[in-house]
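So the sequences go chain by chain: A and B.
Positions 631 to 972 (the numbering used here) are the ones given, in order, by the first sequence.
Positions 158 to 471 (the numbering used here) are the ones given, in order, by the second sequence.
To be clear, the hints were calculated from the coordinates, so they are not data collected in a lab.
Even for Gly, the Cβ is constructed at its ideal location relative to N, Cα and C.
Keep in mind that a hint or two might mislead.
Said to hold, decoys possible - Covered stretches of chain A (chain B as the covering partner; in silico rule of three or more C-beta atoms under 8 Å from a C-beta of chain B): (1) 660-670; (2) 838-849; (3) 927-934.
To be verified - Ranges between beta-carbon positions, derived for each pair: (4) A:Glu663 x B:Asp185: 36 to 46 Å; (5) A:Ser650 x B:His267: 51 to 61 Å; (6) B:Gln449 x A:Gly850: 23 to 33 Å; (7) A:Asp796 x B:Gln171: 39 to 49 Å.
As a plain string of letters, each chain reads:
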Amino acid sequence: MPVVMKPVETYRGDFTFSNSPQAIARFPFPFAEDSYMYSVNIEPATPREPGSVFEHWFDIDEHYVSEMAERGCVLEKDPQRCLVMPHMAQAAWDTLEMLMEHLAADYPEHFALERDGDQWLWINRPLGIDQRFTFGDASTLPFEPLEYITRQAQGDFAVLDQRDGDLFMDAGMVTCPADWSIKFDAGMSFKQWHAPVPGVAHQLGVFDRALKYLLNIQVGHPVRRLNWTMTINPRMDTSSETFHEWGHERGLVTPENVARLVHLRVELQFMPRLPRSNALLFGIRTYLISLEELASNPVWACRLHRVLRDLPDEIADYKGLTRYRQTVVDWLRQFDPQAKAA
Amino acid sequence: MSAMIEVQVTDVRQLTPVVREFTFVALDGTLPGFSCGSHVQVVLPIEGRTLRNAYSLMSDPRETGVYRIAVRLQEASRGGSRYLHEQVRVGDRLRIGVPSNLFALHSQAHHHILVAGGIGITPFMAYLAELEARGASFELHYAYRSGLTDAYGDELRERLGERFHGYDAAAGQRLDCTSLFAGKPLGSHLYVCGPQRLLDELKLLASAHGWSAGRLHWEAFAAPEPGQPFTVELTRSGQRLQVPGDHSLLEALEAAGVEVPNLCRGGVCGQCTTRYLSGEVEHRDHYLGEQQRGEALMPCVSRGGCSGTLLLDL
């Protein structure tokens with residue numbers, strides 16, 4: 631079924647972003663149990679139900695045009711949110727090829743790709759793009775290749791060089807991170823960039839096993855996992871660079887506004903092997919939903935109540951929830967039959 | 158085990174009396190792209206049993222739609238290379254695994270020293286296109302016996318000029334491994350592919366020259382050696398299996414319907430690591446540490462003892 635794109639909504643300032651009932655229904659609610667703990671929750675990225683966020687490698691939804699406008703806005707203020715170290719040029723072309731092939735195949739009503747040897751024609755109807763270029767020749771594109779294609783795909787993308795039995799963050803487009811920065815993490819190894827995650831994850835050996843798994847991802851057999859946190863307002867750009875703009879909003883939450891202000895933020899992480907460069911692409915597709923929208927599904931609201939109520943403090947602190955956590959739990963209690971009866 | 162690709166043989170070339178080159182195209186759709194240094198497992202249905210051998214992709218990765226491998230006929234083999242040399246013809250169909258890379262170029266190397274022993278030249282044929290495209294600094298050393306194991310020698314000599322160094326055993330020329338380390342620029346990496354003794358010698362020399370481990374890269378063409386038959390019991394399913402002398406433990410498990418995750422099938426990648434609870438083990442892998450070998454083994458190359466039963470946690 632074709633994706634219908636909404637007119638441009640904002641993820642800053644007046645925050646006009648909202649989810650349609652369809653978007654709410656397909657939201658990747660990340661909790662399979664009533665409690666949450668770190669684990670190596672990686673699974674083969676086999677396509678799931680048509681219409682779900684897991685159907686295609688790269689999910690395009692009703693927010694596409696809005697999100698691309700937001701990315702453009704971030705890059706205008708801070709062009710260095712896109713970084714490609716020189717040795718990652720091949721991986722950047724690999725990423726461009728992979729995104730163009732999949733978007734054209736999965737959303738033919740919106741995208742098209744025609745190829746004649748290395749003479750390519752890329753059409754992006756929602757953004758009004760009609761681009762002829764020579765694959766492999768960056769001078770024939772208006773932007774560096776990774777920047778060019780990720781300006782047309784939802785979510786952040788880290789491109790990891792695989793060497794020395796490890797992964798290094800040597801390229802990426804990061805305009806909607808959950809409080810991190812590609813400029814800070816550039817060149818770091820897998821365990822280095824995960825160092826801030828609470829000790830419990832490291833002690834469980836989560837990163838050793840995850841790294842082994844990722845190093846062995848084969849062409850055509852990508853893997854995925856879900857990650858989650860919370861954000862005040864539907865703000866995409868919660869980067870470390872702009873913390874001074876959004877950090878204080880955590881103190882604005884009241885019992886009256888909590889359902890509209892507080893959003894569950896879920897990352898659908900998608901990891902395919904990039905064929906020619908042998909690099910690993912790390913797609914971070916971000917979905918936002920307000921508590922009010924989420925509560926239209928009472929099962930989700932009940933589960934979220936229990937997860938947040940019982941979440942270890944260390945994890946809640948790391949995820950930035952501490953200041954408003956109780957207000958959220960108090961509001962969600964009404965959806966939990968057990969809690970109400972108590 | 159990743160999914161299989163059905164391919165058709167579109168070209169076969171006898172390069173030397175013991176080296177035969179095969180070109181494959183996909184039967185259905187396209188072949189996945191690959192990075193230089195990748196190999197594929199080829200399923201070889203010989204005499205009612207199934208062998209899976211790994212071969213480097215030697216074609217230029219930019220030549221999309223085609224995979225090319227070159228196979229050396231091994232005298233003391235389990236029949237895989239013989240099957241390819243004697244049975245496989247143009248038009249035949251085969252099943253292969255998706256490409257996987259355990260021998261990739263290192264992005265931080267300032268200079269690449271490539272060392273090939275005989276059929277070990279194959280992954281470097283794929284490397285060349287990438288190195289030339291990058292304008293990288295490299296040199297190739299190729300030890301062979303002319304007329305026998307010198308596949309692609311003339312082409313390489315012409316293409317690489319001064320960067321090519323050939324050592325013909327038939328003419329008494331020997332590759333002096335020590336010279337490979339003399340006077341090389343900072344940040345040089347060395348990549349070797351060939352017989353085990355060549356790899357062992359270079360590992361020793363690299364260490365003796367104070368090279369850090371990360372600067373030496375190798376790919377062994379380590380197919381499982383035949384051995385003695387042995388008995389295996391699987392604790393969880395209760396199955397008992399006899400592993401014949403010319404089957405690897407992994408092959409015997411697969412034949413019995415037990416799928417074990419695997420990749421290189423040569424004891425180096427760690428994917429098929431399996432816990433064992435009791436029994437003698439003949440460890441032939443290059444992956445597990447001494448302590449790990451007390452509780453785990455790599456079924457793709459390692460074997461049980463000929464007396465008693467090997468008890469696997471499967």
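For which of the previously enumerated hints does the structure constitute a violation, in increasing order of number? 1, 3
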